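*Asks:* With these hints in hand, go ahead and build the complete structure from the sequences.
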Amino acid sequence: MQTRQKFSRMALFVSLAMIFSYIEFLIPIPLPFPGIKLGLANLVIIIPLYLWGFTAAMGVSLLRIVLVAITFGNMATLLYSLAGGVLSLSVMALVRKIRFFSPVGVSVAGGVFHNLGQLLVAMLVVESIKLIYYFPVLLAAGGITGFFIGVLAVQVLERLRTESGNGKTNSN
Amino acid sequence: MKKIKKGDLILLAGFLLLAVVGFYLARHSLSGSGDQVVIKQDGKIIATYSLNQEREIPLKTEWGQNTVVIRDGRVFMAAADCRDQYCVKHRPIMTNNDMIICLPHKLVVEIVKTQMDEEVDSIAN
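Chains as they are written, first to last, in this note's numbering: chain Z, 1 to 172; chain G, 1 to 125.
For the record, the hints were derived by calculation from the structure and aren't laboratory data.
Hints may be right or wrong, so weigh each one.
Stated by the list, open to error - For lysine-lysine, the following DSSO-like pairs were computed, each having C-alpha atoms within a straight-line distance of at most 30 Å:
1. Lys130(Z) x Lys37(Z)
2. Lys89(G) x Lys37(Z)
3. Lys6(Z) x Lys97(Z)
4. Lys37(Z) x Lys5(G)
5. Lys113(G) x Lys89(G)
6. Lys60(G) x Lys130(Z)
7. Lys6(Z) x Lys3(G)
8. Lys97(Z) x Lys6(G)
9. Lys3(G) x Lys97(Z)
10. Lys97(Z) x Lys5(G)
11. Lys44(G) x Lys113(G)
12. Lys44(G) x Lys130(Z)
13. Lys37(Z) x Lys6(G)
14. Lys89(G) x Lys44(G)
15. Lys130(Z) x Lys113(G)
16. Lys37(Z) x Lys97(Z)
17. Lys37(Z) x Lys3(G)
18. Lys6(Z) x Lys5(G)
19. Lys113(G) x Lys60(G)
20. Lys89(G) x Lys130(Z)
21. Lys60(G) x Lys44(G)
22. Lys60(G) x Lys89(G)
Unchecked claim - Computed footprint of chain Z on chain G; a stretch qualifies when at least three of its residues, placed anywhere within it, have a C-beta under 8 Å from a C-beta of chain Z:
23. 5-18
24. 37-47
25. 99-113
As the list claims (entries may be wrong) - Take a look, some chain Z residues computed to stay more than 10 Å from chain G by CB distance:
26. Lys6
27. Met18
28. Phe20
29. Ile23
30. Trp52
31. Leu63
32. Val86
Bear in mind that the values here come from a model prediction, so they are computed numbers and not experimental data.
For every residue, glycine included, the Cβ atom is placed at its ideal position computed from N, Cα and C.
*Replies:* In structure tokens, the structure reads:
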């Protein structure tokens, strides 16, 4: 029962992450810099990370990336999403082990390294190290958006915990 | 349960500070003037032009089409058939090391300073 609940919830997170990706795909942030977005999908990656750990979160993340690429995304951007997603989640899993940080700090690091991963791929694509000029913008953007996503994640985790603490099933 | 910790704020502040330092360094290295426009695609230089000569450069490659315009010491992407159009929206570039990138077409348009100019500069210094 426990496992079944975990898997159905993981599936729920994958679909939520897809919806969030779609929302961001529909409403791009009107900035003249490529690659800056709120990172709503990361919200649904951090929560599995805290609930079930790295492997489950990576499963949700990879499924989301691949599904988004084949549904409304673009195969050309798959490599960027993969690099951003894998680097970001790996760093978040490490930062989570440090007691000094709450999910907010984890999310801040995740936002920054997501952008760094994508920048590294872009550097490889155009074979130019000079793209590093974009890093300050991406660094600030990743940190700030990561902060807000982290604050949201704390709220959600708090509610999920009260829910399981009260023993409510809440399964629809 | 997990409230915001001091570490979170220190981490965010650290990243923002690093970004500010980065901005400063980037601005510093983008402040000089250049005299040549180098167009690279897929990591290879495909063309070089003088920054001082007005010119419209249509590029048609296996990745797609771009139109680079050099005018009044500035360079901009007048048109492109890429999916994101970031290169077209990019402000005109005019300083040394600055660049416009069309990522879907693996295209980089950058302004550089030629060797001769650097020598003149070092003599002047």
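*Asks:* Each hint should be assessed against the structure and marked as holding or not.
*Replies:* How the hints compare with the structure:
no. : hint                  : result
1   : Lys130(Z) x Lys37(Z)  : holds (22 Å)
2   : Lys89(G) x Lys37(Z)   : holds (17 Å)
3   : Lys6(Z) x Lys97(Z)    : holds (22 Å)
4   : Lys37(Z) x Lys5(G)    : holds (25 Å)
5   : Lys113(G) x Lys89(G)  : holds (25 Å)
6   : Lys60(G) x Lys130(Z)  : holds (24 Å)
7   : Lys6(Z) x Lys3(G)     : holds (25 Å)
8   : Lys97(Z) x Lys6(G)    : holds (16 Å)
9   : Lys3(G) x Lys97(Z)    : holds (16 Å)
10  : Lys97(Z) x Lys5(G)    : holds (14 Å)
11  : Lys44(G) x Lys113(G)  : holds (18 Å)
12  : Lys44(G) x Lys130(Z)  : holds (14 Å)
13  : Lys37(Z) x Lys6(G)    : holds (26 Å)
14  : Lys89(G) x Lys44(G)   : holds (24 Å)
15  : Lys130(Z) x Lys113(G) : holds (15 Å)
16  : Lys37(Z) x Lys97(Z)   : holds (26 Å)
17  : Lys37(Z) x Lys3(G)    : holds (25 Å)
18  : Lys6(Z) x Lys5(G)     : holds (29 Å)
19  : Lys113(G) x Lys60(G)  : holds (26 Å)
20  : Lys89(G) x Lys130(Z)  : holds (20 Å)
21  : Lys60(G) x Lys44(G)   : holds (15 Å)
22  : Lys60(G) x Lys89(G)   : holds (19 Å)
23  : 5-18                  : holds (count 9)
24  : 37-47                 : holds (count 3)
25  : 99-113                : holds (count 8)
26  : Lys6                  : holds (20 Å)
27  : Met18                 : holds (20 Å)
28  : Phe20                 : holds (20 Å)
29  : Ile23                 : holds (18 Å)
30  : Trp52                 : holds (16 Å)
31  : Leu63                 : holds (24 Å)
32  : Val86                 : holds (20 Å)
Consistency with the previously given hints is maintained throughout, with no hint failing.
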